[in-house]
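Residues per chain, in single letters:
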Amino acid sequence: MRLGYGEDSHRLIEGKPLYLCGLLIPSPHGALAHSDGDAPLHALTDALLSAFGLGDIGLLFPDTDPKWRGARSEVFLKEALRLVEERGGRLIQVSLAIILDQPKLSPHRQGLQENLSRLLGLPPDRIGLTFKTSEGLAVAHVQARAMVLLEG
Amino acid sequence: MRLGYGEDSHRLIEGKPLYLCGLLIPSPHGALAHSDGDAPLHALTDALLSAFGLGDIGLLFPDTDPKWRGARSEVFLKEALRLVEERGGRLIQVSLAIILDQPKLSPHRQGLQENLSRLLGLPPDRIGLTFKTSEGLAVAHVQARAMVLLEG
Amino acid sequence: MRLGYGEDSHRLIEGKPLYLCGLLIPSPHGALAHSDGDAPLHALTDALLSAFGLGDIGLLFPDTDPKWRGARSEVFLKEALRLVEERGGRLIQVSLAIILDQPKLSPHRQGLQENLSRLLGLPPDRIGLTFKTSEGLAVAHVQARAMVLLEG
Ligand SMILES: [Mg+2]
Ligand SMILES: [Mg+2]
Ligand SMILES: [Mg+2]
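Residue numbers (my numbering), protein chains in the order written: chain Y, -14 to 137; chain A, -14 to 137; chain F, -14 to 137.
Among these hints, one or two may not hold up.
If several chains are the same, the list does not tell them apart, and a pair holds so long as it fits within one copy or across any two.
Computed list of lysine-lysine pairs in DSS-like fashion (alpha-carbon distance at most 30 Å, straight line) [said to hold, decoys possible]:
no. : residue 1 : residue 2
1   : Lys89     : Lys52
2   : Lys1      : Lys89
3   : Lys52     : Lys1
4   : Lys63     : Lys1
5   : Lys63     : Lys89
6   : Lys52     : Lys63
No lab work stands behind these hints: they were computed from the structure. A quick note: this is a predicted structure, and the numbers were derived from the prediction, not measured.
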């Protein structure tokens, strides 16, 4: 059994697209980032890499490498999954918290969970997804914290 | 085996009661909240729900539903426990961090741990409870982060 | 199986030494702290104690006790390890996130991972280490969040 923890945050900027869990969410603001700024997928990717001591997103997917430049975050997640599976890991569960004040995520819950289910190859009951607001601590940021559980 | 992660934060307001882990803690300030603002119990409730992909507090216990309006947070925790047990889950451990500058929680450690033990049906050695101050990052907030481990 | 979660943060001050994972990292600033302010080791120590319901650093290692005054954080980590092993716990994995804007930690990854491996008695693939910047949320702080997995 292995577990992994990862987190991520991005500053929100007016007029940028907001990607969460691989979906484009209608929003007046989105993440300031080199990549698509998908904080939940970045947190999950770091959690997977961390579970096998493989480093982190910045180490494996530097945006100075043309191979990864401009890549969507699904690509990082898929590669992290491949790396842990190559080492005998099998993802059995994720628990993910997204902290964001606006827009409200509750209308997008089903879509987010289904997309994670598709990306991770897990049934919905193995994908925990909780939404919080920052209560004034990070009004201009999107944050994500992720835990993963793996066999192997 | 399943794990779940949950977190919560509330702004502190002069003159409001401070509920932590189901106990009323003597304090000059307490949580700004619709409910009793018990951040540790909210974090634990979210962690339990997350472990079985059941959503979060906001989804299951909307304060627009008269059934939950004004409910104490123990009620949410108990209902989350019931839902995971209904699905074959058995809680075997929790690890909880409370971040609060004032009042100092160390004098209340035993009471908090005993009340969690009672609420969760776990022996004290299965209830990890750590206290931190915010070091200036959130002087007017109470925050909690919780992990749960379940069989099933 | 047991898990534990711990976190820590310290304010950064010009001219103070920066200790991370037991190593002195070249830096213009370091942690404001009674101890050496090693946030990752403090988070790991709390995670270990939490896994067996043993309290936290403040409870076990008060700086008012001459036994612990001025101790390096390795001492706390080693003592926490000893306490969990005494109770039949065997550490099998850690996942650690360090949040720091400056200096960049990537040049120190190998050294940090090797020192944790030495301190914890774990192979490198069982030591997850991810680095994040605060994205403006905590520019004058070092933060760490740690998860541990144990048998027993
Ligand atoms: Mg990111
Ligand atoms: Mg709450
Ligand atoms: Mg500390």
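State the violated hints by number, sorted upward, taking the hints as numbered earlier in the document. none
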